[in-house]
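Asks: If you're matching them up, the sequences are chains Y and Z in order.
Its first residue numbered 1, the first sequence is counted upward by one per residue in the working numbering.
Its first residue numbered 1, the second sequence is counted upward by one per residue in the working numbering.
Among the hints, a few may not be true.
List time: in silico BS3-like cross-link candidates among lysine-lysine, alpha-carbon distance up to 30 Å [what the hints assert, rightly or not]:
hint : chain 1 : residue 1 : chain 2 : residue 2
1    : Z       : K262      : Z       : K223
2    : Z       : K116      : Z       : K135
3    : Z       : K135      : Y       : K223
4    : Y       : K262      : Z       : K116
5    : Y       : K135      : Y       : K116
6    : Y       : K223      : Z       : K116
7    : Y       : K223      : Y       : K262
Because the hints were derived from the structure by calculation, they are not lab data.
2 protein chains.
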Amino acid sequence: MRIGDLQTPALLVDAGAFEHNLATMAEALPGARLRPHVKAHKTTALAARQAAHGHRTFTCATIREVEGMAAAGLGDDLLLANEVLDASRLGRLDARVTVAVDSPETVEAASRGGVKEVLVDVNVGLPRCGIAPEKAGELAELARSRGLQVRGVMGYEGHVVGLPDRALRTELVSEAMALLLQAHADVGGEVISAGGTGTYDLNTWANEIQAGSYALMDTAYGKLELPFQQAVYVLATVISASPGGYVVADCGLKALGMDHGKPDLEGGGQVLIVSDEHLTVVPANPYRVGERVRVIPAHVDPTVAYHQRMHLVRGDEVLESWEVDLRGW
Amino acid sequence: MRIGDLQTPALLVDAGAFEHNLATMAEALPGARLRPHVKAHKTTALAARQAAHGHRTFTCATIREVEGMAAAGLGDDLLLANEVLDASRLGRLDARVTVAVDSPETVEAASRGGVKEVLVDVNVGLPRCGIAPEKAGELAELARSRGLQVRGVMGYEGHVVGLPDRALRTELVSEAMALLLQAHADVGGEVISAGGTGTYDLNTWANEIQAGSYALMDTAYGKLELPFQQAVYVLATVISASPGGYVVADCGLKALGMDHGKPDLEGGGQVLIVSDEHLTVVPANPYRVGERVRVIPAHVDPTVAYHQRMHLVRGDEVLESWEVDLRGW
């Protein structure tokens, strides 16, 4: 199949950039040093490629992601790095499942749902989930008293991973991880899980890194001078052209996560408007109606979540089409 | 089934507000005066409710939406209010299908694809699709020369529909529709199609209005003092609570369209951060871990497109669950 045969909008993964990203990361963080986060791609076929690069432990953000990974035979060691109040679907899985806990309620839910292992989720500065570091030991005790195996701690420095200044990023990771290590001293266990694509090589305190975006990348992470290449694009067709100089392509708000702002156009140009199914752009070079353009998402995770499948491509050839099978909850 | 049995995040439709919206619109624009736009809800079961209120003509934004509506038996008169370069899937449908054209290329595509009827899409001020008004007659001639039936014109005043000042909105609709009527004088045909939820009662020049958001509404349209009520919510569970005063709910960037900004929390409060699967909020009233909250989307269309189903609810009861079956392309 050729790219020209695809219905647009279509999610493309450039095979060369993708393989480069997986190989680069596997060299920096081999095996279980990386616990790839599947939320960025939501695709078990892609996770299988990460496994082929030596990573057999994975991070998930939803129960559905854990279920799908288990069903795909990738359930050696799945961490749900998120809190849940009903863990019964997790407890039924034929896989090794560890869930994050940060409160007595989530400990009780894990116990009641039949999950055997937990990590204590520690707040390291991001105003989101996670218990205060000084309370982590107490929660670990509660979990053990409920028969749960406490494998260690996790704490995501999400307030830091996107900072453009590398020196500042390093300093703030250090501060965040001091909090996580303080909690770990009280909690115990083998696992210290943290990090993301923006801190994968700076976070030397965690013993596993939860990076996910590195595989596909986006324009936000593209600004951080990381060694990963842009691998994902939304392919669109120019459906209208104005004598005024702008053209309209058939991809819009339902094909692109918009929280990080407008996407970029490969080849350059200015994106004027993103509507439900349209992108109005003033391209650097003129396009005719019927031509194809490639759009680079500003944020990979919510972009992928809109698409039913992604297509691995090399040049003009579609090598494989993968179902984005971990969508939903 | 009760709401408490739903897995979160879940898309809820309040039956009372929804019925109010459909009845209010059907009274203002009965029958074919409204051509409901399905892109706002992407759900044939919901479109069937609109049909029960007397509307048998529908507007679509994608080929998939047209196909799904035809398959659901709602194909009396489907307008694809968008340009396509490959109309072959449309030409195969057992339904009355009209497609928008704004260039010789899209006319050729309609003809080649076996579509029989077209509307000339006219640019009335929004920098998106649509031919210049003075060129519309010439394009209609081209279409007729290719054996296509030209039913009339359409022109969406999308640059106007969201303006908060009603007087200004009225003035600019008038200007936009003057352009559409100018084009219509050259094109001919019975249909003058335009408008949206924000101009449904102001646009007295078009003879059919393409409103869609009115059925479910969002916080953006909620600011316009329209007679429609907020009917759609994302139900979420509080999964974490900080002594600092914020709580975290399990709905995020993959459950909410973000192009119009952050969502609101029913009951009030400040949304601090929207992450992939999390909403960090300082609620007006405290919530405990495990409680449910309702989140009001800023933009309904790209919110619905993330969800596999929506649930029609009254009080605590789930009346029906509808598949959001028009997603994708």
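Asks: Would you mind marking each hint as holding or not holding in the structure?
Replies: Hint by hint, here is what the structure shows:
1. Z/K262 with Z/K223: 15 Å, holds
2. Z/K116 with Z/K135: 21 Å, holds
3. Z/K135 with Y/K223: 43 Å, violated
4. Y/K262 with Z/K116: 37 Å, violated
5. Y/K135 with Y/K116: Between Y/K135 and Y/K116 the Cα gap is close to 21 Å, so the pair holds against 30 Å.
6. Y/K223 with Z/K116: 49 Å, violated
7. Y/K223 with Y/K262: 15 Å, holds
In summary, the structure is inconsistent with hints 3, 4, 6 from the numbered list given earlier, while agreeing with the others.
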